[in-house]
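Can you make the complete structure from the sequences, with help from the hints?
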Amino acid sequence: MSQGQPVDATLKTAPANSFSLSRNIGLNIGILALLYMASIVLMYIGLEYWGLAAAAVTFASILLLALSMRKMTGGCLSEMADDMAAVTTGKGALLRKLEVTDSGEFGRLCGNYNELTENLAHTFSDIRKRTVRIAYDATHLRKAIQEANHYSSRQEELSQLIFTSSEESTSALNEVAQRTGEMSELNSSNIDDARASSQELVGVNQMFGRVREHITDFSTTVASLARNSENVRTSLSMVQGFSEQTNLLALNAAIEAARAGEMGRGFAVVADEVRTLAGKVRDAAAEIGVNISEMAALVDRTQMGTREIDELTAETREVIQRSTNQIGRMVQDFETNHEQLVGVSAAIEELSTTNRGVHSRISEIHQLGSRIREGMDRADKYSTSLRGSTEDTLGVVSHFKAGTGNFEELLSKAAEWRDHIQQVMQQLLSRGIDIFDQNYRPVPNTNPQKFTVGYGPALEREIQEFYDQCRDHFPSTKYLLAVDMNCFIYVHHKAVSQPLTGNPEHDLLHSRNQRFFKDNENEIRRAKNTAPFLLQTFVRDTGEVLCDLSLPIHVNGRHWGGLIMGFEPNLIISK
400 MSQGQPVDAT LKTAPANSFS LSRNIGLNIG ILALLYMASI VLMYIGLEYW GLAAAAVTFA
460 SILLLALSMR KMTGGCLSEM ADDMAAVTTG KGALLRKLEV TDSGEFGRLC GNYNELTENL
520 AHTFSDIRKR TVRIAYDATH LRKAIQEANH YSSRQEELSQ LIFTSSEEST SALNEVAQRT
580 GEMSELNSSN IDDARASSQE LVGVNQMFGR VREHITDFST TVASLARNSE NVRTSLSMVQ
640 GFSEQTNLLA LNAAIEAARA GEMGRGFAVV ADEVRTLAGK VRDAAAEIGV NISEMAALVD
700 RTQMGTREID ELTAETREVI QRSTNQIGRM VQDFETNHEQ LVGVSAAIEE LSTTNRGVHS
760 RISEIHQLGS RIREGMDRAD KYSTSLRGST EDTLGVVSHF KAGTGNFEEL LSKAAEWRDH
820 IQQVMQQLLS RGIDIFDQNY RPVPNTNPQK FTVGYGPALE REIQEFYDQC RDHFPSTKYL
880 LAVDMNCFIY VHHKAVSQPL TGNPEHDLLH SRNQRFFKDN ENEIRRAKNT APFLLQTFVR
940 DTGEVLCDLS LPIHVNGRHW GGLIMGFEPN LIISK
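Each residue of the sequence shown is one higher than the last, beginning at 400 in my numbering.
Wrong hints could be hidden among the right ones.
In silico DSSO-like pairs for lysine-lysine, Cα to Cα no more than 30 Å straight-line [claimed, not checked]:
no.	residue 1	residue 2
1	893	877
2	917	877
3	893	812
4	917	893
5	927	893
6	877	927
7	812	877
8	927	917
9	917	812
10	780	877
11	917	780
12	927	812
13	927	780
The following label-pair restraints were derived from C-beta to C-beta distances [unchecked claim]:
no.	residue 1	residue 2	range
14	865	901	27 to 33 Å
15	783	581	58 to 64 Å
16	756	969	50 to 56 Å
17	902	838	28 to 34 Å
18	724	686	51 to 57 Å
Don't read these hints as lab results, they were simulated from the structure. The beta carbon of each residue, even a glycine, is placed where N, CA and C say it ideally should be.
As structure tokens, this is what we get:
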């Protein structure tokens, strides 16, 4: 009768007229009691021979009774004891029914035992499924908690940055508010200065207007002076003409007096005096002409300077007028800016108040983020503990073979495949190939980093196709491989043993051979496991959550590593 397979109970009914087992035992014990009492009585009344005979018959009856009871009960109890021992050691299955040959109490005992073991088998199978589901969900929960913990840590970092930025913003706003107040005061002072400057420019402009009026009057006076100078020069020319004519007449008179002789001597004296006076008049007129010419030149220059002054004054007044207008507009702008600065100052003060409230809320958010992260850390510990507890429970439950269910079919197949892999490795070892080579030599220019070992190519030729066939035997199986005790996998499935492309994301999924897989405790445990089997749930580096079954591999009596099989939990949970 094969272990691990359901066996139907066979009920053999006793004859209808036979006594039940308990009645036979009671009748035999009664007869023995009577024989024992008869032997005592016979020995007591002196019939020792008959007493000894009765005692011998009693002893023989006891032996016969013992043999009869062993015959009647030995089959059932012996099978029951053997089955319980096999189940306890893990070599037998619970779902194995005893053969019932009696309809009495022992028959009922065997039947109840069969019913109990059947219920236990189904219960253990159901517990195993539920435990796998819990472990799978716990792993998903841990993955979600770790992701949430990562996001929580990132949130805490960001909240810390926001908190720091808020402090800096608050400080900056306070400084801006202070500077804005100072600017408002300075702007108010500048407005007063600008207003005073505008009024002074208006006064200067008015003064320049009066100066220009005086310059205009002065220009008129200079023009009149120039005209008078010209009139004087004209008159002086007439005087010079008169002087020349007088001198000429005096000369003619002197000539006529000379001709007259003694009679004209007095007239000659007068003519000389007249000529002398005419010379003096001429000289004076010449000097006056020179002075008048110089004065006329000065008047001309004065007129030119006056015109230039008038032009410069006009231009200056225009500049002053423009400056006055600009300062006026600047005063208006200053007033507008002052009003805006007052508004900005009020807005900044309100913003500072709001920012202080926001800063307080950000501080609360930062504290809550720290508490959330601490809570997530505790949740991660609890989820890890839950997963460990479920895996421990699964290990305890799986120690007993139920004799039914997908898991035991899977485990049986995995054991067959493990044995085949052991044989292949044993053959390689017998051919002189060091299957225990742990001199992992890095393959240059590989990312992820790959390694090579001496037995790698030979093992790949012998076993890669077998890996693929075994993986395809059960649906939802992701991998079935041999990993050495240092977590190194040289041979992987053909589909994911592609050459490196240089794209790390692509190569992570499609070039998984010749690599170490020890990123977490689960991958380390499965490689070093020496128990009959180890069932875990964990998150792969690809992000998948899988069940992982590990069976130890021994070559030449030495632990090499393990057969690992990754699959989705519905493979053993589904009915």
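Evaluation of the provided hints:
no.: 1; hint: 893 <-> 877; result: holds (13 Å)
no.: 2; hint: 917 <-> 877; result: holds (18 Å)
no.: 3; hint: 893 <-> 812; result: holds (21 Å)
no.: 4; hint: 917 <-> 893; result: holds (21 Å)
no.: 5; hint: 927 <-> 893; result: holds (25 Å)
no.: 6; hint: 877 <-> 927; result: holds (21 Å)
no.: 7; hint: 812 <-> 877; result: holds (16 Å)
no.: 8; hint: 927 <-> 917; result: holds (11 Å)
no.: 9; hint: 917 <-> 812; result: holds (26 Å)
no.: 10; hint: 780 <-> 877; result: holds (28 Å)
no.: 11; hint: 917 <-> 780; result: holds (20 Å)
no.: 12; hint: 927 <-> 812; result: holds (21 Å)
no.: 13; hint: 927 <-> 780; result: holds (24 Å)
no.: 14; hint: 865 <-> 901: 27 to 33 Å; result: holds (31 Å)
no.: 15; hint: 783 <-> 581: 58 to 64 Å; result: holds (60 Å)
no.: 16; hint: 756 <-> 969: 50 to 56 Å; result: holds (53 Å)
no.: 17; hint: 902 <-> 838: 28 to 34 Å; result: holds (30 Å)
no.: 18; hint: 724 <-> 686: 51 to 57 Å; result: holds (56 Å)
Violation of the numbered hints given earlier is absent; every hint is satisfied by the structure.
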